[in-house]
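Given only the sequences and the hints, what does the whole structure look like? Please build it.
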Amino acid sequence: MISILIFIIFFTGGAVWFTINCRKVRRNILIGKDIDRKDNSSQRWKLMALVAMGQKKMFERPIPALLHLFLYVAFIITQIELIEIVADGVSGSHRMFASSLGGFYTFIISFIEILSILAFIGTIAFLSRRNLLKVPRLVKSELNGWPKLDANFILLGEITLICFIFMMNGADEVLYRNGWSHVSESQGSFGFAISAHLGPMIFGGMSESALHVIERIGWWGHVTMVLAFLNYLPYSKHFHILLAFPNVYFSNLLAKGKFTNLDSVTNEVKLMFDPSAVVPPSDGTPMRFGAKDVMDLTWKQLLDSYTCTECGRCTSSCPANITGKVLSPRKIMMDTRDRLVEVGKNMDVNNGTFKDDGKSLLNDYITPEELWACNTCNACVQECPVNIDPLSIIIEMRRFMVMEQSSAPAELNSMFNNIENNGAPWQFSQADRLKWAE
Amino acid sequence: MAEYLAKGETPELLFWVGCAGSFDDRAKKITRSIVKILNHANVKFAVLGTEESCTGDPAKRAGNEFLFQMQAMGNITILNGYEVKKIITGCPHCYNTLKNEYPALGGNYEVIHHTEFIQQLISNGLIKIEGGSFKGKKVTFHDPCYLGRANDVYEAPRQILIDLDSQLVEMQRNRADGLCCGAGGAQMFKEAEKGNKEVNVERTEQALATNPNIIAVGCPFCNTMITDGVKHFNKEESVKVLDVAELIAQNL
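Chains S and A, in that order, give the protein sequences. With numbering that gives the first Met the number 0 applied, the first sequence corresponds to residues 0 to 437, in that order. With numbering that gives the first Met the number 0 applied, the second sequence corresponds to residues 0 to 251, in that order.
It is possible that some hints are incorrect.
[Said to hold, decoys possible] One side only, chain S facing chain A, incomplete, derived with CB under 7 Å:
| hint | residue |
| --- | --- |
| 1 | K255 |
| 2 | K257 |
| 3 | N260 |
| 4 | F272 |
| 5 | P318 |
| 6 | E368 |
| 7 | R397 |
| 8 | A423 |
| 9 | W425 |
[Stated by the list, open to error] In the BS3-like style, the derived pairs of lysine-lysine whose C-alpha atoms are separated by at most 25 Å in a straight line are:
| hint | chain 1 | residue 1 | chain 2 | residue 2 |
| --- | --- | --- | --- | --- |
| 10 | S | K358 | S | K23 |
| 11 | S | K434 | A | K28 |
| 12 | A | K193 | S | K139 |
| 13 | A | K84 | S | K269 |
| 14 | A | K85 | S | K257 |
| 15 | S | K291 | A | K189 |
Quick caveat, the hints were computed from the structure, so don't treat them as lab data. We put the beta carbon where it would ideally sit given N, CA and C, even for glycine.
See below:
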């Protein structure tokens, strides 16, 4: 009885804490400016099915994609077992679905076990890629410190979770095989694909009481790890396992070459061309051109930042980065998220409103040198497996530097002058435009 | 265009030459090749001549939205004044800007890149290519970012190269995975940030790895960058950098 109570308190506490943190993330994302991404819902669902659920873009690089698929499928399928764990936890039963599902139960658990082994292989491979093989994109400087630790925590957490599953099933296999189960009339092996063999191999010689303890450690360990993982997500890059889906749903559906139009600028330009032009009245709040800080970005750009799992495919395809410039599209996303988290904490201690802390995304996190190194080639946008758009943030920040600070590099200012005076980025006279035909 | 207007006619097509095509000596040759192809196919077209002005692309990519919109509004006034319906461009940057960014400011036209247009002329039989002169020649195509990733046009230029009987070889990074030449995002007009390599050298290295006779391009800026890259490797004698339009024009 006491264990039921502990389980319910434990589980409810975990769920509540997770909900509180998710609401904070949601609040943080919604400090961004509005943008309409609710059109074409059928196209969006299709995109989500292909890119997020179907992992379409992952398979541009088949080896990590396959390893990732093991973890992804195992994660989803294991949730079935979690249903039973919750049902057992609140009712005090043991393997509640076993008797009613019979052979199908063995099939499901066996399936989970096989996927868990594949996920185990995937996790070991991922750990080696990061720590032994040192795949270039996984050891770049922006990952030093916490991001590297975060990645290893997640992978070690996954290994621990898998170990608990096999402790639970393996010990139970031996208990049932020896006729020592307290909870069931029918004894004998379940015939689970992996633990029917692994269980006797590891736990075969143990006493009844030791097996019961091991089985319980496995069961409680599993529940604990699931809740720990869940509550770790909002603090970690691993949040992508949930946010990838809405993030892909709200993707930009237009041509990648089409940059946003600034309506506030359009109104000014219209008035310059025709002072009598009718423009929508301003709502009185002073407008800022471009983005200096996270609140100048859209909620989608902020959602992008929380969705990023720092895989670095963007950075490894970026022409600036691969030729040694400081720009890394992944760092743009990480900086945006880190600043947003900082702004969120500021709001937490100031009754939900942001109090100026004298810092901003520009300069304190992202330097002009990074922003000016961009070729706007869209390689990062193309590469991202969950349709994150680092380029749009770079452009918004360039807009701020040019239109609010007039701090473009000198050569670009000359280019602007040439366009303004000669209608071309070079110092040629517009009257000479037809000279090619001579 | 003004001459057509004086005669009371409207040409079916406006050829948007672009700044590079108007002023850059290398790109002027591409412009003349495009004109040669259009004339050969008896396409009735016009140019804006001295009334053309920068589309504002480099200003927009550099963050100067204000200057971009000033340019765009000015150009749209002229284009709409001539009732232009269809535009062919010799540059993917003009193409992208006119096609994607002018509609929001009141400029709605059918915009087509010269490689797409030429490919249509070939498939409609309006120009016939005497095959042979490129037979067996190894040609690799460098995808311009603003034609490829930005607008998903990958196959039209390749189809032309196949129609020319050339042996099309692909770089490791091609189509959606293509690497920028280093000019985009207004980089053409400034020194690169500190690094350990120039982007155009990196890209040219990838192109040369296919051992080509010709590196075909579809953008005057890519042309400049890759040409410089080929010179960097002292290969200008053995490897030519040519626009797809030039390959066709040579063959008419």
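Results for each hint:
Contact between S/K255 and chain A, as hinted, is supported at the beta carbon level, the nearest pair being about 5 Å apart and thus within 7 Å. Satisfaction of the interface hint for S/K257 is found here, the shortest Cβ-Cβ separation to chain A being roughly 4 Å, below the 7 Å cut-off. Taking 7 Å as the C-beta contact cut-off toward chain A, the hint placing S/N260 at the interface holds, the least distance being around 4 Å. Of the supplied interface hints, the one on S/F272 holds, with its beta-carbon coming within about 6 Å of a beta-carbon of chain A, less than 7 Å.
Here the hint on S/P318 is kept, as its CB sits about 4 Å from the closest CB of chain A, short of 7 Å. Of the supplied interface hints, the one on S/E368 holds, with its beta-carbon coming within about 6 Å of a beta-carbon of chain A, less than 7 Å. With a least beta-carbon distance of about 3 Å to chain A, the hint placing S/R397 at the interface is held under the 7 Å criterion. Because the closest C-beta pair between S/A423 and chain A is about 4 Å apart, less than 7 Å, the hint holds.
The closest approach between the C-beta of S/W425 and any C-beta of chain A is roughly 6 Å, which is under the 7 Å cut-off, so the hint is satisfied. At most 25 Å may separate the alpha-carbon atoms for a hinted pair to count; S/K358 and S/K23 meet this at roughly 21 Å. At most 25 Å may separate the alpha-carbon atoms for a hinted pair to count; S/K434 and A/K28 meet this at roughly 11 Å. For the given pair, A/K193 sits about 17 Å from S/K139 by alpha-carbon distance, which is consistent with the 25 Å threshold.
Straight-line distance between C-alpha atoms of A/K84 and S/K269 comes to about 23 Å, which keeps the hinted pair within the 25 Å bound. For the proposed pair A/K85 and S/K257, the alpha carbon gap of about 19 Å is at most 25 Å, so the pair holds. A distance of roughly 23 Å separates the Cα atoms of S/K291 and A/K189; the hinted pair therefore holds under the 25 Å criterion.
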